[in-house]
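Trainee: One-letter residues, chain by chain:
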Amino acid sequence: GENVEQHPSTLSVQEGDSAVIKCTYSDSASNYFPWYKQELGKRPQLIIDIRSNVGEKKDQRIAVTLNKTAKHFSLHITETQPEDSAVYFCASYSGGGADGLTFGKGTHLIIQP
Amino acid sequence: SAVISQKPSRDICQRGTSLTIQCQVDSQVTMMFWYRQQPGQSLTLIATANQGSEATYESGFVIDKFPISRPNLTFSTLTVSNMSPEDSSIYLCSVEPKGGMITGELFFGEGSRLTVL
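These protein sequence lines map, in sequence, to chains A and B.
For the first sequence, the numbering used here assigns the number 14 to the initial residue and increments by one for each residue that follows.
For the second sequence, the numbering used here assigns the number 18 to the initial residue and increments by one for each residue that follows.
Just so you know, these hints were derived from the structure itself, not from any lab.
Restricting the straight-line Cα-Cα distance to at most 27 angstroms, the calculated cross-link-like pairs of lysine-lysine (DSSO-like) are:
1. K35/A <-> K71/A
2. K70/A <-> K55/A
3. K118/A <-> K84/A
4. K35/A <-> K70/A
5. K70/A <-> K84/A
6. K35/A <-> K118/A
7. K55/A <-> K35/A
8. K118/A <-> K24/B
9. K55/A <-> K24/B
10. K118/A <-> K70/A
11. K82/B <-> K55/A
12. K82/B <-> K118/A
Below, a sample of chain B positions facing chain A; criterion: calculated Cβ distance under 8 angstroms:
13. S59
14. L60
15. L62
16. E75
17. L109
18. E122
19. F125
20. G126
21. E127
22. G128
Now the in silico label distances, taken between C-beta atoms and shown as ranges:
23. L59/A <-> S26/B: 17 to 25 angstroms
24. Q31/B <-> L53/A: 25 to 33 angstroms
25. D81/B <-> H20/A: 32 to 40 angstroms
Backbone N, C-alpha and C fix where the C-beta goes; we use that ideal spot for every residue, glycine too.
I would like the entire structure built from these sequences, with the hints used as guidance.
Mentor: And the structure:
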């Protein structure tokens with residue numbers, strides 16, 4: 014089955030700096046890569062996603078890049094703000110139903126004031 | 018996006034008891050799922066709740082421990098049976114509102130935080 018590795022597990026950055034979270038996947042059939050943000054005590058929420066026919070997608074301060082050849086994708090957050098502090102989960106979807114969605118272990122992003 | 022209501026939001030339970038979690042969606046959805054999130058961990062799929070038929074369980078999860086009902090397209094329940102402290106987790110209901118896992122995009126409920134003593 015699919016294996017998703019996410020790094021780092023914890024990331025601390027100064028407010029205003031950029032943060033990058035990286036994920037690798039193993040199943041070459043994976044074609045959809047969402048990122049979820051989970052604030053403390055809250056539900057995971059989809060913040061951005063990318064499909065395998067696209068190399069990069071941007072939404073204001075967040076962007077996701079995908080390298081299909083290398084089987085890795087990354088989340089980039091620029092001009093970080095205190096409200097960006099949360100746990101971020103990457104995931105990959107290889108089809109075939111709910112069991113086709115595999116989550117990474119999560120990255121705890123800490124924004125230092 | 019779908020509005021998903023889960024209850025209870027949290028509960029403290031005694032070892033050996035069972036608890037049923039309810040999930041209500043504000044619109045009809047084809048796909049509903051139940052996830053478990055152990056403390057500080059990622060999201061693990063328990064099962065797909067199928068409307069009008071038995072749920073589809075993932076490896077490591079069985080119907081006797083986690084019976085699931087899905088009587089219609091807007092409602093599902095998950096029961097955690099014969100609880101032990103290892104069952105202390107957040108249980109999340111999620112839906113794929115666009116008619117199937119073609120997109121893979123999920124919306125989650127707020128979760129039910131269970132503590133088993």
